[in-house]
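*Asks:* Model the placement of chain S on the given structure of chain A, informed by the hints.
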Amino acid sequence: MEVTLLIEATDDSFRILEDARERAEGLLGTAVKLTSETRQMEEQKIQSLLKGAQEVKSGFQNFVAAFLILMVFWAMLSGKFDSFHLTLGVICSIIIAYLTYNLLFANVRVGDTRVIVQRFLRYIPWLLYQIVLANFHVAYLALSPKMPVDPQIMRFDTKLESDISWVTLANSITLTPGTITMDIRNGEFFVHALSKKVADDLNTGEMEDRIAHIYMEADHIYVQDALDVARIYVALRKHV
Amino acid sequence: MIRSSDDIIIGTVARVMIPFIQLFALYVIMHGHHSPGGGFQGGVILGASLVLLLITHGIDETKRLVSEKGIAIFGSAGLLIYSGIGLICLILLGNYLDYSRLYILLHVVPAKARSLGILGIETGVGFTVMAVMYSIFLDISTGGELPEDEEE
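Residue numbers (this note's numbering), protein chains in the order written: chain A, 1 to 240; chain S, 1 to 152.
Next up, chain A with everything else stripped away, as it sits in the complex (with noise of 0.2 Å):
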């Protein structure tokens, strides 16, 4: 009888212990939940707060940056410097930068611009360099008595990425002679080329390689999205 008793006993006191446990862990349960909503809430916020004042304060680096360009054009245009003619520069320049300084920086992707015009001047004179190459070779096709000319249209898919990029391809393509860009469809280049030597020196990529270099596109792609997460990470450690 003693003996029930006590197993009786024992086996309440293992269900009020089992009770106990399963309240403490739901309690726990539920004390993560909120931590970790609380903290995702957090997060959001900090992150939009991040976003908007990145957002405005690219806009206005922006504006800046036209306000200075439009600056300097309105300076070789006009050539007298005098108060009169300067404020008269600058009050139009604002307004000009504050109208279109959102289509003149459409589709700037994050990148030192001082490094894109370093380079891009540098592209210059290889550009010029293929553009006199190429001019012998036309010139030798059209004189040569059997005129060796081979006109293809070819395509193909470039590895760019931004709208400017593809039109500094396509301008320098159609400026070297020889070969004329026809048309760019979702980056699919139509490319007529006057004979197959102008059209293998083309395939070869290196002007898409170096036009990639210029903007930071393709294999600079990785450091770039590094940087981005750097200063994102950087930002994040002085909110919280």
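Each hint should be verified, as a subset may be incorrect.
To be verified - A few chain A residues that face chain S, going by a derived Cβ cut-off under 7 Å, partial list only:
#	residue
1	Leu70
2	Phe73
3	Leu77
4	Leu88
5	Cys92
6	Ile96
7	Leu99
8	Leu103
9	Leu104
10	Asp163
11	Trp166
12	Val167
13	Ala170
14	Ile184
To be verified - From chain A, some residues computed to sit far from chain S (all C-beta separations above 10 Å):
#	residue
15	Leu27
16	Ile153
17	Phe156
18	Lys159
19	Arg231
Derived from the structure by calculation, the hints contain no laboratory data. Bear in mind the structure is a predicted one, so any value in this text is a computation, not a measurement. Ideal Cβ positions, reconstructed from N, Cα and C, are used throughout, including at glycine.
*Replies:* Okay, now just chain S, sitting in the frame of chain A:
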């Protein structure tokens, strides 16, 4: 109805060129009194930049820059500036558009007042020519039917 052009080269080059075209137009207007150019020429260049934007980027993008109401206001404001300056000269006991009388208001020598007066006149002319150029093109290209008319 004008949609945005699907040619990437034309769209991108136009997008980069438009701010410079507009600034050049303002330069032509502002330097009209001592170099070739003036209100009409500058206004036409300004209107042409808007037409270029309309052709390449479509009507929605152009409306974000300047609405039809804004264009109407610009056209009327240009006329108001022109006739207003002329009328002020008349009130100051001169002939209509006799800018040298403006020296009483501006406190400068009459020659300078003449220069500033013609600058104001050319600004007004530029505004009006730009607005009229653009609205004529808009009316022709849309056949007089604007998107908000279709919605209603």
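*Asks:* So, isoleucine 96/A near chain S? Judge it on the closest CB pair being under 7 Å.
*Replies:* For isoleucine 96/A, the interface hint holds, since the closest Cβ of chain S sits about 5 Å away, which is under 7 Å.
*Asks:* Is the shortest C-beta separation between cysteine 92/A and chain S less than 7 Å?
*Replies:* Holds, about 4 Å.
*Asks:* For the restraint on leucine 104/A, tell me whether the closest CB of chain S is nearer than 7 Å.
*Replies:* Since the shortest Cβ distance to chain S is 5 Å, the answer is holds.
*Asks:* Interface hint check: phenylalanine 73/A, Cβ to nearest Cβ on chain S, cutoff 7 Å. Holds or violated?
*Replies:* Holds - the Cβ of phenylalanine 73/A comes within 7 Å of chain S, reaching about 6 Å at its closest.
*Asks:* Does the closest beta carbon of chain S sit nearer than 7 Å to the beta carbon of leucine 103/A?
*Replies:* holds (5 Å)
*Asks:* Beyond 10 Å on every Cβ pair: is that true for isoleucine 153/A relative to chain S?
*Replies:* holds (17 Å)
*Asks:* May I ask you to test the interface hint for leucine 88/A with respect to chain S, counting a Cβ-Cβ separation under 7 Å as satisfied?
*Replies:* holds (5 Å)
*Asks:* Holds or violated: is the Cβ of aspartate 163/A closer than 7 Å to a Cβ in chain S?
*Replies:* Status holds, d = 5 Å.
*Asks:* Hold the hint about isoleucine 184/A up to the distance rule: shortest CB distance to chain S must be less than 7 Å.
*Replies:* Holds. Min distance 5 Å.
*Asks:* Does the CB of valine 167/A sit less than 7 Å away from some CB of chain S?
*Replies:* holds (4 Å)
*Asks:* Classify the hint on alanine 170/A as holds or violated, based on whether any CB of chain S lies nearer than 7 Å to its CB.
*Replies:* Hint holds; alanine 170/A Cβ to chain S Cβ min 5 Å, cut 7 Å.
*Asks:* Grab the minimum beta-carbon distance between leucine 27/A and chain S and tell me whether it stays above 10 Å.
*Replies:* At about 55 Å from chain S, leucine 27/A clears the 10 Å cut-off, so the statement holds.
Violated hints are absent here; each numbered hint is respected by the structure.
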